[in-house]
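Enquirer: Sequence:
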Amino acid sequence: MKTNELWANLVFWIGWPLAIYGAWQQGYSLWLAIPVTWLVATLLAVFVSRVLGLLINKED
Numbered sequence: 097m098k099t100n101e102l103w104a105n106l107v108f109w110i111g112w113p114l115a116i117y118g119a120w121q122q123g124y125s126l127w128l129a130i131p132v133t134w135l136v137a138t139l140l141a142v143f144v145s146r147v148l149g150l151l152i153n154k155e156d
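Per the numbering used here, the very first residue in the sequence shown carries number 97; after that it's consecutive.
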């Protein structure tokens, strides 16, 4: 597994449950919070993967 893929997975699988927990603590409906936080966590993971991919390729 590439480094950027590892970090993207960590961002997603740590960030998504934390975002759901935060939304639940704020009193948001989980029917809305789960898909919205999934989308945000996915986009954030893709962003982290792309940025790390660019930084790692720049060093080569």
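Worth double-checking, as some hints may not be accurate.
Within a straight-line C-alpha distance of at most 25 Å, the following computed SDA-like cross-link-like pairs (lysine to any residue) qualify [said to hold, decoys possible]: (1) Lys-98 x Val-147; (2) Lys-98 x Phe-143; (3) Lys-98 x Gly-123.
Hint data in this document are derived by calculation from the structure and do not stem from the laboratory.
Enquirer: Any hints from earlier that this structure breaks? Give me their numbers in increasing order, please.
Expert: 3
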